[in-house]
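Chemist: Generate coordinates for the entire structure from the input sequences, incorporating the hints supplied.
In order, the protein sequence lines correspond to chains Z and H. Numbers given in the numbering used here equal positions in the first sequence, counted from 1, plus 261. Numbers given in the numbering used here equal positions in the second sequence, counted from 1, plus 10.
No wet-lab data here; the hints were simulated from the structure. Keep in mind it's a predicted model, so treat the numbers as computed, not measured. Note that CB positions come from ideal geometry on N, CA and C, so glycine has one too. One should not assume that every hint holds.
Partial list, computed: chain Z residues near chain H (C-beta under 8 Å) [stated by the list, open to error]: (1) A303; (2) M453; (3) W456; (4) N535; (5) R538; (6) H610; (7) R617; (8) G622; (9) Q627.
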Amino acid sequence: MNALALRSLRHRPLAATATFLAVLLGTVLIGSFATLAESSSAASGTDADTLVILGAVVGGWGSMIVLFSVASTVGVTTHQRSGEIGLLRTVGATPRQARRLVVRETAAVTTVAAVLGALVASLTGHALFDMVRSGGLVSDATVYDAGPASVGAAALLVLLVAALATWVAARRATRGPAGVLLREAAAEQGRMRWWRVLAAVVLIGYGIAMAVITVAVTAHDDDPYAAMSTSGSSSILVGVGLAVLAPVLLRLLAAPAGLLVGRTGASGHLASYNTARRAHLLAGVLAPVLVLTSAAVGTLLLVDIDARTLPAGNPDSDTITLLNNVVVGMLSLFAAIMVVNAFVAAIAHRRDELQRLRLIGATPRQVERSVVAEAAIVAAIGVVLGTLAALTTVVPFAIARHEGAVPDGGLWLVPAVVAGVVALTLGAARTSVRAQSRARVVGR
Amino acid sequence: MTTPTHGASALAVHGLTRTYGSGDTTITALAGIDLDFRRGSFTAVMGPSGSGKSTFLSCAAGLDRPTAGRVLVGGEDVTDWDEDRRTRLRRERIGFVFQGFHLLPYLSAAQNVALPARLAGHRPDRAKVRHLLERVGLGDRTHHLPGSMSGGQQQRVAIARALVTEPEVVLADEPTGALDSATARQILGLLRSSVTEMGQTVVMVTHDPVAASYADEVVFLVDGRVAGRMTHPTADAVAGQMAHLDDLVVAR
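Modeler: Following this line, the structure appears as structure tokens:
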């Protein structure tokens, strides 16, 4: 089984790369913040508090996005193999054997990536600490004091989540009779499991509840940061919650969004039907686009409102602004890589189908345009939903800081983020389809 | 769409040669074949594995460039056309039927049939698409997706798609290779009737003597050369001839 797993891996370098990158970066991100939390045990008083807040709170929210991305990448790459798994089943592999193959294969990739990520994290963690100290957030007396425990724990956490996601996806792919699996892989119908809907409802409900608490309770608190601590995470919570529902949202919204690209041309025609009828394929792209938009818009406006409304001379202000910016920066980088990752994986999966289009007479340009049009549909849905999710942070916090439901300034940040996200999505689509559509057409 | 060019030849190849590699490792897939497919004829191209029949189809369709020789579609020399013109050629003047159906999974039967017209930038002729789907016996399935259809039904959609542009020639590559024999007979019957009733030209690569017996003529390829022809083929005669050709290959 192990030999088969390794051999099968070599035939799938692209999907393996996607998983590898997600786990590596995820471990680096979570591990870096974990070292701050570990260093806090040697620090004293307020320094310890600051480090714990940085490591646990900021790192905690980051972890949520990272773990979600890792799970969705692993899930997508496993789901893409349902056809092959069906084939294994028809030639006599038991569901258990097929599942073990997938789980071991992913385990091989994720273990290497997590170990490497832990090593990198011990370096970036140190760098993050230096930044925190030179920013004056902790006193010079406090030193970096993190061993392998924190980065190891981070690596283990990422590994566990990846293993769980693989197991769930592999289980779904191996359930049922072998013949049915083959047919379903061709039909490619994605269904939503009840636990996924439940997770989404809990996340969105929690995010909205925090927003309500902000307006009703913490807005009247004496500490100006009480409102931030309750509303700050809402945009991320609701964003991730919506991202969990991405396949359903895409299926429902692809038709109206398709009007944007137009259905009359051949490329727009293909794109709007592909996004609506095979929503689960592009849902992997929609999810990071949505989370990227909601996290960036929500947090950037939060920081902007904070800087504008805070009574002058508050010593915490710089710390919190810096922190928030670090989080937005790192998460944006991570989400950007996830968008590119998801697109490359989706296009690689569709190689045969794009080739088929060329065979029946589509020009390379038409193939490219249809994929870019799909990206446009996904980007449009992602930025609209992402911005809506961000409102759950922005509106309550603006009210708490007496600016009313609409912030007094910084609204230009919204179109700026939207433009950036759209450009990233279209760019990722264009680059990943180029290599494929320009390749020579072969028969069969 | 395109009005067929006048003349008796739908597809012709002259001295068609295709070699792969160079030097000592040169593999000759086609060693100069001359074939002419009359308009309104149904021809089966047969041969053992490695005889060059797939290479012949790729070159005829403009998917592969021949090393030497000419390819004429409707009397027009298309050998030196660039990729764009050859794409238009495939779209407007050649119909394809593949072993693996090659339908777009997210388009309904009717949308798949209308796709060549859309790619060509025309408004699809709904009545014609409907008529063709009825012709292949799928009038009640126009809105079904390929995933919910049987193999035989998918192949019938593919035949409707190949016929929709009224192409110079329909190229079929093992069209019944993935189907059971009863379904295969329906598919072959459809190809046959497109020739007899619609005046289409069909060139079919196959290794199945029963499939070949539906054709007007069988051309046998061995080692990249034309090794024989048979008019009014029967399955038994073709099978006998194929066994003989296999012996020739083994004896070498």
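Chemist: Next step is simple, just say for each hint if it's right about the structure.
Modeler: Evaluation of the provided hints:
This hint is violated: Z:A303 has a C-beta 58 Å from the nearest C-beta of chain H, more than the 8 Å allowed. Interface restraint check: Z:M453 against chain H, minimum CB-CB distance 18 Å, threshold 8 Å, status violated. Hint on Z:W456 is violated. Least Cβ distance to chain H is approximately 26 Å, over the 8 Å limit. The beta carbon of Z:N535 comes within 5 Å of a beta carbon in chain H, closer than 8 Å, and the hint placing it at the interface holds.
A hinted interface residue such as Z:R538 counts as satisfied when its beta carbon comes closer than 8 Å to some beta carbon of chain H; here the least separation is about 4 Å, so the hint holds. For the restraint placing Z:H610 at the interface with chain H, the shortest Cβ-Cβ distance is roughly 12 Å, beyond the 8 Å limit, so the hint is violated. Restraint check, Z:R617 versus chain H: the minimum CB separation of about 5 Å is within 8 Å; hint holds. Interface hint status for Z:G622: upheld, as the beta-carbon distance to the closest one in chain H is roughly 3 Å, under 8 Å.
Interface hint at Z:Q627: satisfied, since its Cβ lies 6 Å from the closest Cβ of chain H, which is below the 8 Å cut-off.
Of the hints listed earlier, those the structure fails to meet are numbers 1, 2, 3 and 6, in rising order.
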